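Asker: Chains as they are written, first to last, in this note's numbering: chain A, 3 to 163; chain B, 92 to 590.
Treat the hints with caution; some may be incorrect.
Claimed, not checked - So, partial list: chain A residues that the calculated Cβ filter (under 7 Å) puts toward chain B:
hint : residue
1    : ASP42
2    : VAL44
3    : TRP71
4    : ALA88
5    : LEU110
6    : ALA118
7    : PRO137
8    : ILE138
9    : PHE148
10   : ARG151
No lab work stands behind these hints: they were computed from the structure.
From a predicted model like this one, the values you see are computed outputs, not experimental measurements.
Heads up, the beta-carbon is just placed ideally off N, CA and C, and yes, glycines get one too.
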Amino acid sequence: MHAEEHSSSPPARRHISNVAVPLGIVAFCVWAFWLSTQFDRVPPILKRGMQPSDFPQLVIGLIILLAVWLMVRDKSEAPARLSKMAQMTMGLLIGFLLIAEVDLFLGLGLFSASLAALWGERRVWAIVLVGLISPIAVFFLFDGIFEVRFPRGLLTNFWYG
Amino acid sequence: MDAALNGLMALADPHLMVLIFAATLGGVLVGALPGLNATTGVALLLPFTITMDPVPAIAILTTIYCAATFAGAITAILINTPGTSASATTCLDGYPLAQRGEAGRALGMAAVSSTIGGIISVVCLMAAAPLMARAAYNFAPPEYFALTVFGLSMLATIGDGSPVKNILSGAFGVLLATVGIDLLTSIERFTFGMNELSEGIPFVPVMIGVFGISELLVQADNLHVERKQVIMKKIKLPSREDYKRVWKTILRSSGIGTFIGILPAEGATVASMIGYNEAKRWSKKPEEFGNGSLEGIAGSEAANNSATGGAMVPTLALGIPGSPTAAVILAGLMVHGLRPGPTMFTEQADFAFAIFWSMMFVNILFFFIGLWGAKIFARVTLIPIQILWPIVFIFSIVGAYALEQSMMDVWIAIGAGIVGFFMRRHGFSVVPMAIGLILGGMLETRLGQSMVMLDEKWWLMATRPLSLLFFVLTILALFGPMVWGRLFKQRSPLKSTGE
Numbered sequence: 003m004h005a006e007e008h009s010s011s012p013p014a015r016r017h018i019s020n021v022a023v024p025l026g027i028v029a030f031c032v033w034a035f036w037l038s039t040q041f042d043r044v045p046p047i048l049k050r051g052m053q054p055s056d057f058p059q060l061v062i063g064l065i066i067l068l069a070v071w072l073m074v075r076d077k078s079e080a081p082a083r084l085s086k087m088a089q090m091t092m093g094l095l096i097g098f099l100l101i102a103e104v105d106l107f108l109g110l111g112l113f114s115a116s117l118a119a120l121w122g123e124r125r126v127w128a129i130v131l132v133g134l135i136s137p138i139a140v141f142f143l144f145d146g147i148f149e150v151r152f153p154r155g156l157l158t159n160f161w162y163g
Numbered sequence: 092m093d094a095a096l097n098g099l100m101a102l103a104d105p106h107l108m109v110l111i112f113a114a115t116l117g118g119v120l121v122g123a124l125p126g127l128n129a130t131t132g133v134a135l136l137l138p139f140t141i142t143m144d145p146v147p148a149i150a151i152l153t154t155i156y157c158a159a160t161f162a163g164a165i166t167a168i169l170i171n172t173p174g175t176s177a178s179a180t181t182c183l184d185g186y187p188l189a190q191r192g193e194a195g196r197a198l199g200m201a202a203v204s205s206t207i208g209g210i211i212s213v214v215c216l217m218a219a220a221p222l223m224a225r226a227a228y229n230f231a232p233p234e235y236f237a238l239t240v241f242g243l244s245m246l247a248t249i250g251d252g253s254p255v256k257n258i259l260s261g262a263f264g265v266l267l268a269t270v271g272i273d274l275l276t277s278i279e280r281f282t283f284g285m286n287e288l289s290e291g292i293p294f295v296p297v298m299i300g301v302f303g304i305s306e307l308l309v310q311a312d313n314l315h316v317e318r319k320q321v322i323m324k325k326i327k328l329p330s331r332e333d334y335k336r337v338w339k340t341i342l343r344s345s346g347i348g349t350f351i352g353i354l355p356a357e358g359a360t361v362a363s364m365i366g367y368n369e370a371k372r373w374s375k376k377p378e379e380f381g382n383g384s385l386e387g388i389a390g391s392e393a394a395n396n397s398a399t400g401g402a403m404v405p406t407l408a409l410g411i412p413g414s415p416t417a418a419v420i421l422a423g424l425m426v427h428g429l430r431p432g433p434t435m436f437t438e439q440a441d442f443a444f445a446i447f448w449s450m451m452f453v454n455i456l457f458f459f460i461g462l463w464g465a466k467i468f469a470r471v472t473l474i475p476i477q478i479l480w481p482i483v484f485i486f487s488i489v490g491a492y493a494l495e496q497s498m499m500d501v502w503i504a505i506g507a508g509i510v511g512f513f514m515r516r517h518g519f520s521v522v523p524m525a526i527g528l529i530l531g532g533m534l535e536t537r538l539g540q541s542m543v544m545l546d547e548k549w550w551l552m553a554t555r556p557l558s559l560l561f562f563v564l565t566i567l568a569l570f571g572p573m574v575w576g577r578l579f580k581q582r583s584p585l586k587s588t589g590e
């Protein structure tokens, strides 16, 4: 509650993100607060100190207070535009989640190979290393040594039968 | 005394020694790889330890913590890129020395200072943690609640971000901790009918997400960064003359680092900055700082390594993490069913001392591994991130899944990674969120117990001397810098006008 105030640099321009981000936080909190009002309540005779909604509502109140403070006082610089590479990497992450529903290791292999290629790797051996050898090695490491049972899928069914 | 001896005996297990040796190698590797740091390394390796007994599991995590904190210096000196943020100040003098062909001397000084700092802090840990635990043994819920609030208030000063954003991030973590069945009333909250969420949001996938996957997205913007290694001749240990110049600095920085580490939430990064500044302030040759001063390297490295031992004091004695990495280790303790706090030194004293001794051992071990392997580790840092990060991702996802063997945890890790990435873009540190998530449950439970104990008159907490002390410390932690800043700001013009 102090850094914004005693900065010796000239007053910075406020950006739209200085308001948009706290507004988003407040909107999230309003939704969370509404959800907390839907919790079951304990009859007074069984109540042990607090109702289940009391503590979350206290925290939500604090977050709203701080977000409003940020809305009024925050003059930090807006972040640079999200780079194409970051956007595409995030897109790959979403793609991974979808493919992982079919088979976790198919998703991991495809994601890793695509990520390496997207980030500029052109050597075939390197792409094979990250997209094929690494997932297979990790699968057998966890399945064999740590006895982790992975979800059944297109590829894992070959092993699990 | 018995516990100390039993703890030492636990280390005699050859299997454990091999594990610690391997973890030291792994930790040095993690610390040397740009983008990975001790916190990420511990979070990624936590799932590997789940099937182990508590002693080797936690010893591995603390080993990685100590070794990675040291190894940040290798890249700081050889490629001017701190492997961990705690080594940022080491770049200032390490790299200029390396450019002058004295990389070996700089690495030697970093290794000696780190080892001495680490050992001093572990000795302090062995002495201070049981004392702190004994002092906290009689804490009632109101004292614990006040202490946890104080611990969370210290999050305000984490990193170089806005204190308001840090507290907000911490509060968000506490809010996340309320997901699941309320322990006091057994009523479901924010679960949306999903059984997987009834036990709450799991720590490990969130840690992997906010520290590992968010970093992957950050790295997507760093593809253009080229890393060039300075050619290193033989590693040369500091000379007797060098020792004469730096021994006071090493001792001072070790004290500073240990103290900073003990403060809740403050870790090696803050310690190294203060250690470096103090080394410069007390130096007879401050003009050398920034141009290749051995004192600069010693000041920074002794401080950041001694913070590791210091950070474990409140983590083990009170259950309040002393640093971001200690927060992940705390999560590891909980996952293994251990209960950090005063009772650890009465009910599990052997375990606690086994961890202390393993930390002592690793501080000696990384001295040799770091020195002999520096050339190899420095070469490892040049692994292209196009190969490194896809492999890190595979380990992150499989690690997130492995704990509960649930795809929900994979979704949580990815979600936490994306949220963490956007938080970081907008200046919100993810560390307070992670610590808030860990401490949130304890905070609510202690508040609930206090309300029962005080007959729902919460204000009576302020009538208990220790609670009051912690609340005053909280107010000082939150508002002290602001008041100090204002006083300082007002006095400067007075001085300048001659008044």
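Asker: It remains to establish, for every hint, whether it holds in the given structure.
Answerer: Tested hints:
Checking ASP42 of chain A against chain B: minimum C-beta separation of about 5 Å stays under 7 Å; hint holds. Satisfaction of the interface hint for VAL44 of chain A is found here, the shortest Cβ-Cβ separation to chain B being roughly 5 Å, below the 7 Å cut-off. For the restraint placing TRP71 of chain A at the interface with chain B, the shortest Cβ-Cβ distance is roughly 6 Å, inside the 7 Å limit, so the hint holds. Among the interface hints, the one on ALA88 of chain A holds; its C-beta lies about 4 Å from the nearest C-beta in chain B, closer than the 7 Å criterion.
For LEU110 of chain A, the suggested interface contact is upheld, since its CB lies about 5 Å from the closest CB of chain B, less than 7 Å. Here the hint on ALA118 of chain A is kept, as its CB sits about 5 Å from the closest CB of chain B, short of 7 Å. At a threshold of 7 Å, the smallest CB-CB gap from PRO137 of chain A to chain B is about 6 Å, leaving the interface hint in force. A hinted interface residue such as ILE138 of chain A counts as satisfied when its beta carbon comes closer than 7 Å to some beta carbon of chain B; here the least separation is about 10 Å, so the hint is violated.
With its C-beta approaching chain B no nearer than about 6 Å, PHE148 of chain A sits inside the 7 Å limit, and its interface hint holds. This hint holds: ARG151 of chain A has a C-beta 6 Å from the nearest C-beta of chain B, less than the 7 Å allowed.
Hint check: a violation occurs at hint 8 only; the rest are consistent with the structure.
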